[in-house]
Amino acid sequence: MADALTRSMRASHVLAAVLVVASLGFAAFGAASGDTFYLRLGTEALIFAGLALSVDILLGYTGLLSLGQALYFGLGAYLSALVLMVTPSFWAAMGATAIGAVVVGTIGGFIANRVRGVYFALITFGMAQVIAKVVYNTRALGASDGLIGVPVIDINLGLFKISSASPVGFFLVVLTFIIILYALAAYLLDTPFGRLLIALRANERRVPFLGYRTVTARLAAYVIAAVIAALSGALYPMLRGFVSPELLFFATSGNAVITVVTGGVGTLVGALYGSILLTLFKSVVGSYTEHHLIVIGLLFMGAVIFLPRGLMGIVRPVIERRLNRGAKS
Amino acid sequence: MTYKTTILAALLSATALVSAQSVQAADPIKIGVVTPLSGTYAGIGQQVRWGLDLATKEVNAAGGIMGRPVELIYEDEEANPSVAVQKADKLFQVNKVDFLTGTVNSGSTLAVGQVAERAGKLIATTVSFADSITADKCSPNVFRVNARAGQQSAALAVWLSKEKPKANVFYLGPDYEMGRSTVAAFKASAEKVGAASTGEVFAPLDSKDYTQYFGQMRAAKPQVLYTSVAGNDTVRLLTQMQEFGLLNNLTVVGASGTVTAQNLPAIGKAAEGFVTGVGYSAEIDTPENKKFVAAFKAANKIDPDLYGADSYGLIYAYKAAVEKAKSTETDKVRTAFNDLKWQTPQGEKTLRAGDHQAVQTMYVVRVTGGKFSIVGQVAGTDAIGPDACTRF
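The listed protein sequences correspond, in order, to chains A and C. Going by this note's numbering, the first sequence opens with residue 1, and the numbers climb by one from there. Going by this note's numbering, the second sequence opens with residue 1001, and the numbers climb by one from there.
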């Protein structure tokens, strides 16, 4: 008999599968109608979903509120842009980003994990601000103008190649990539290591009595989140052809936290749904009124007050009950 | 709120996926405007909108462009390049705009320029200052109708060489990338016209106390101080200099954002005599400008600034180009834009074919009696500088 956590994660997987099916339908419809804008918007939503996923690993599982996850997203975006401008290879960009994220994530993790609670939030915020300012003032990185001219690349997937300029092709690549990140995160969090992270969130003081080193687990969670954020960020310049220091600013980190809270903290799949909803919503509302930030702020407040467990808080229990009924009969 | 209804109509037609858009004579020419309507640069975006709205109203009242009315479609870019790119993509792909403008910060202009290149459309900026947009990062699809930073500092340097030949100049800039590059640019133009540099110092942004730099400044015995600090930093710098008696026998010149209508009242007497180079001033004494200022004031109850005036002028540039090309097709309009001459409130402008930069008469303004007044003009050809664009 599976425990409560495994059961609720199963419900998350069902919702992820629904998302994949819906996305494939959307891609087919987009391809048939020759649409470019909505496919690219969807791709961007999925890229930011990867960032939200990394926030959820920290916030929903380990209980660490990071207000500076944009640091790793931006790191990935800049590394990928720089690599692509030298050699237009998807795998080289991703490899460089993964290595860079492990190194920077470990250093950042050592600094941030010295403290906890609100101090952790502040120190992650501070680190991201410092790096953002450094990038903003470095001529070699394009300073405040950012880097433009990231070339369109052909992504070599062994059997065939997909151009990053193809709206449908690149949408499917990003969808696959983000779902793999989701699956990896879900798998990791279901292992004993994942249970340890949840134990950290529940009561960090008691964990050492069970014979675990909390520092290592926290650091590992931090580095994993950093890598996921950076790999998502690495996709950004392939989609848009440029990077700018605004990607490292607090607005990016803050949006990711809002996404997770709206979608449902600690559900993983909530990050994906949250990002798609928020991106779509911003685009539509933003076209009607310049006061769109107020509208989104009000909706966020409404979500926190009336849906404290996020969107997934309503949807997931229903699916869970159905799954249980199915298992019993 | 007519723009809302146009956006609504555009969205509805787009979401209904109406692809059969046969161009009829009365179909509007659509111009997308991606500009900051919220956030730090909302004030600039507001001027851009007022300028564009006014010109569009005038053009439509006079029969539109080639008999077709002009329609503006606004999108808020929040002064963030990643938002600007998304909105530009929408305007190109969903609203099918013929032309795009409005970007304010240089990062947005560069990024949106690239989107335009990939979509095969043209854009123009009416605000961004960064020289790179029409120099090393120039694009065949990007035009600039306002004066770039280099033109402003070149105009100031030319004025300086006439008024204070072979002056000793001291430089004080804010310590960040943009501050350092503006100082370097002015230093280069000033030295070219014979000024001697006696020293430079960079103070952190938002400095409370500038007196620590005064010793160095005094020892350098400058006749002219160039500064590119802005906002409240200028208030503190100039008032502290006045308290220390450093403003006597010293001409203070600066970047166009150093002393503005916003911080001028707070600086008060210490701003007296401050000189800067600009591409537009509401004080320009020509019939065209007087007419423009009156119309702008009647519509918006406020004087136009350079952003409003340059945005206003852009609509007429686009009108002239489309009428010359007899088409809104990208390649034809691009050719028509090359070396196009057209009339704006600040006089005739020419779009240089080599780098897509507007050449225009530059003005030197001085604060006198708490108000800006024009003290000199520099011919467009003297301020423009060499064509540094190598891409086309």
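Hints were generated in silico from the structure; no laboratory data involved. Honestly, I wouldn't trust all of these hints.
Said to hold, decoys possible - In silico DSSO-like pairs for lysine-lysine, Cα to Cα no more than 27 Å straight-line: (1) LYS282/A - LYS1187/C; (2) LYS133/A - LYS1290/C; (3) LYS1096/C - LYS1324/C; (4) LYS1297/C - LYS1057/C; (5) LYS1324/C - LYS1301/C; (6) LYS1208/C - LYS133/A; (7) LYS282/A - LYS1030/C.
Said to hold, decoys possible - Computed from the model, here is a short list of chain C residues facing chain A with C-beta under 8 Å: (8) SER1038; (9) ASN1080; (10) PRO1081; (11) VAL1085; (12) LYS1090; (13) ALA1111; (14) SER1132; (15) ALA1135; (16) ASP1136; (17) VAL1293.
Glycine included, every Cβ here is placed at the ideal spot set by N, Cα and C.
Check: Which hint numbers doesn't this structure obey?
Finding: Those not satisfied are hints 1, 2, 5, 15, 16, 17.
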